[in-house]
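Sequence order for the protein chains is A and B. All residue numbers for the first sequence refer to this note's numbering, where the first residue is 2 and numbers rise by one. All residue numbers for the second sequence refer to this note's numbering, where the first residue is 2 and numbers rise by one.
Hints listed in this document are in silico derivations from the structure and should not be mistaken for laboratory results. Hints may contain errors.
Restraint ranges, calculated between C-beta atoms of paired labels, are given here [said to hold, decoys possible]:
hint, chain 1, residue 1, chain 2, residue 2, range
1, A, 141, B, 16, 26 to 36 angstroms
2, B, 199, A, 157, 16 to 26 angstroms
3, B, 86, A, 167, 40 to 50 angstroms
4, A, 119, B, 139, 34 to 44 angstroms
5, B, 8, A, 39, 53 to 63 angstroms
6, A, 204, B, 51, 41 to 51 angstroms
7, A, 100, B, 84, 15 to 25 angstroms
8, A, 44, B, 51, 44 to 54 angstroms
9, A, 39, B, 94, 33 to 43 angstroms
10, A, 204, B, 17, 45 to 55 angstroms
11, B, 45, A, 142, 43 to 53 angstroms
Listed below are the simulated EDC-like cross-link pairs for lysine to aspartate or glutamate, each with C-alpha atoms no more than 20 angstroms apart in a straight line [said to hold, decoys possible]:
hint, chain 1, residue 1, chain 2, residue 2
12, A, 172, B, 198
13, A, 117, A, 197
14, B, 144, B, 168
15, A, 117, A, 170
16, A, 26, A, 102
17, A, 172, B, 98
18, B, 20, B, 36
19, A, 172, A, 102
20, A, 72, A, 82
21, B, 144, B, 98
22, B, 144, A, 205
23, B, 144, A, 192
Beta carbons: idealized from backbone N, C-alpha and C, even for Gly.
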Amino acid sequence: MKHISPNQVSAEAPVRAPTRRALAKQQTRLKVLAAARRLFSEQGYEGATIRDIAAAAGMSTGAVFANFTDKSDLFREIMTDDMEALAVAMRDAAERARTVEDGLLKVFMAGYTFYKTRLQLARAAFSVSWDADGGPTLRGLSSSQAFQELFVEQLTAGVERGELSQESEIKLRSQMLFDAYLANFPQAIFEGWSLDALQARARDQIRILLAGARRG
Amino acid sequence: MDIGVRQVSTALQARASQKEATRQRVIDAARDLFDTHGYQGTTIREIARHAGVAVGSVFTTFASKGEILSEVMAGRIAPLYAELDRVMPHLHGPTVDRLRTMFAIHVQFEARHVRLFLSHISAAYDWTHSPGARPYGRNERLKSILRQCLVKGIEDGDIRPDADPAEIGELLMAAYAWTFRLAINEADAPSMIAVMDRQIGLIVEGAAARS
Chain A
2 MKHISPNQVS
12 AEAPVRAPTR
22 RALAKQQTRL
32 KVLAAARRLF
42 SEQGYEGATI
52 RDIAAAAGMS
62 TGAVFANFTD
72 KSDLFREIMT
82 DDMEALAVAM
92 RDAAERARTV
102 EDGLLKVFMA
112 GYTFYKTRLQ
122 LARAAFSVSW
132 DADGGPTLRG
142 LSSSQAFQEL
152 FVEQLTAGVE
162 RGELSQESEI
172 KLRSQMLFDA
182 YLANFPQAIF
192 EGWSLDALQA
202 RARDQIRILL
212 AGARRG
Chain B
2 MDIGVRQVST
12 ALQARASQKE
22 ATRQRVIDAA
32 RDLFDTHGYQ
42 GTTIREIARH
52 AGVAVGSVFT
62 TFASKGEILS
72 EVMAGRIAPL
82 YAELDRVMPH
92 LHGPTVDRLR
102 TMFAIHVQFE
112 ARHVRLFLSH
122 ISAAYDWTHS
132 PGARPYGRNE
142 RLKSILRQCL
152 VKGIEDGDIR
162 PDADPAEIGE
172 LLMAAYAWTF
182 RLAINEADAP
192 SMIAVMDRQI
202 GLIVEGAAAR
212 S
């Protein structure tokens, strides 16, 4: 996603000039990203246009296109930032858990707490994720797959601690947990559920999805 | 005078049937477009163009893109649910098998138009949709069939008595939706049904009565 013009590559420019230019370019990118984040939040993915984003950032559409190939590129960048931050928050939360159930619940709740303040952006991301074209790209991002791994890690730890049996079908079960986590967005969060109500619901779901894997 | 009234009523009838024809043309065009380009990739402008009607006349009938898709889906699944209403009361055997049969019929049906069904799921996340839109997750027919099936499961002792049928139903619906992501990677109906069967087994096992 870095755009290097032939000029920059070939010119024997003084050391400080490109640095300043790189800095300016970085600032432009940040300005566009901030404006895009705001517009995606206010108008949704479809409603936000590059033209509006450029205007909100106080620059020309050309300047936006110099930094991002298209709207989906811009959106992907914002999603990646968020998903990376969230994965860290989830992992931190789960670290203090003592049981597999507790760990999963903390992962669920870290996600809901994170998105509670950026629901519109979450909606936009979900909408894109079910798109037959945009979906696989978004889910294929390494930051997106990190979530999947996070659930697998929790279950694997459960097996290692002897809470879950060796034949727990970890792959399918973690996929289903991840999906229950995601399904709560349209079914509950977008409907305005409180974090307490979400926690009670998530606890039930986790219990049902783990019951068959319990040892003994 | 009399003739004048008759003319007016004929004109009204003609307008009503013209409106119905427009509605049907819009729905047919929308079905094809959602099935080809998905929810994001389909615009009301495109739908109007394919239907051969003005954008304005689409809006006199439908409030939003989500509402058009809801009408497409409602028209499509009506025969499916008529069939299920006939079949479900005659299904015997354990709850897990009844659920598997019910979802297999669904998968088989929707797998013929995968992108259309994915559009239906995608629409659940479009917050611009008007109250008239009923995307995936708001399908009351499917919810009520699941509820009946699970309540019978509790009566039969297959499901824990204190289990919440709505909650289990939602887990099943989440699993069902997820199964269709496999279809994006060209999975066929039998392999999706196999995955769904495993997921149903796992959920029902978790909701089963403790011995």
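Hint-by-hint comparison with the structure:
1. 141/A to 16/B: 26 to 36 angstroms: 51 angstroms, violated
2. 199/B to 157/A: 16 to 26 angstroms: Because 19 angstroms falls inside the window, the suggested range holds.
3. 86/B to 167/A: 40 to 50 angstroms: 43 angstroms, holds
4. 119/A to 139/B: 34 to 44 angstroms: 23 angstroms, violated
5. 8/B to 39/A: 53 to 63 angstroms: Because 56 angstroms falls inside the window, the suggested range holds.
6. 204/A to 51/B: 41 to 51 angstroms: Since residue 204/A and residue 51/B have Cβ atoms about 48 angstroms apart, the given range 41 to 51 angstroms holds.
7. 100/A to 84/B: 15 to 25 angstroms: 45 angstroms, violated
8. 44/A to 51/B: 44 to 54 angstroms: Cβ of residue 44/A to Cβ of residue 51/B: about 25 angstroms, so the range 44 to 54 angstroms is violated.
9. 39/A to 94/B: 33 to 43 angstroms: Since residue 39/A and residue 94/B have Cβ atoms about 55 angstroms apart, the given range 33 to 43 angstroms is violated.
10. 204/A to 17/B: 45 to 55 angstroms: 53 angstroms, holds
11. 45/B to 142/A: 43 to 53 angstroms: 30 angstroms, violated
12. 172/A to 198/B: Holds, because 15 angstroms separates the two Cα atoms, which is no more than 20 angstroms.
13. 117/A to 197/A: 13 angstroms, holds
14. 144/B to 168/B: Holds - the C-alpha atoms of residue 168/B and residue 144/B are around 11 angstroms apart, at most 20 angstroms.
15. 117/A to 170/A: With a Cα-Cα distance of about 31 angstroms, the restraint between residue 117/A and residue 170/A is violated, given a limit of 20 angstroms.
16. 26/A to 102/A: 46 angstroms, violated
17. 172/A to 98/B: 23 angstroms, violated
18. 20/B to 36/B: 24 angstroms, violated
19. 172/A to 102/A: 16 angstroms, holds
20. 72/A to 82/A: 16 angstroms, holds
21. 144/B to 98/B: Holds - the C-alpha atoms of residue 98/B and residue 144/B are around 18 angstroms apart, at most 20 angstroms.
22. 144/B to 205/A: 19 angstroms, holds
23. 144/B to 192/A: It holds: about 17 angstroms lies between the C-alpha atoms, which stays within 20 angstroms.
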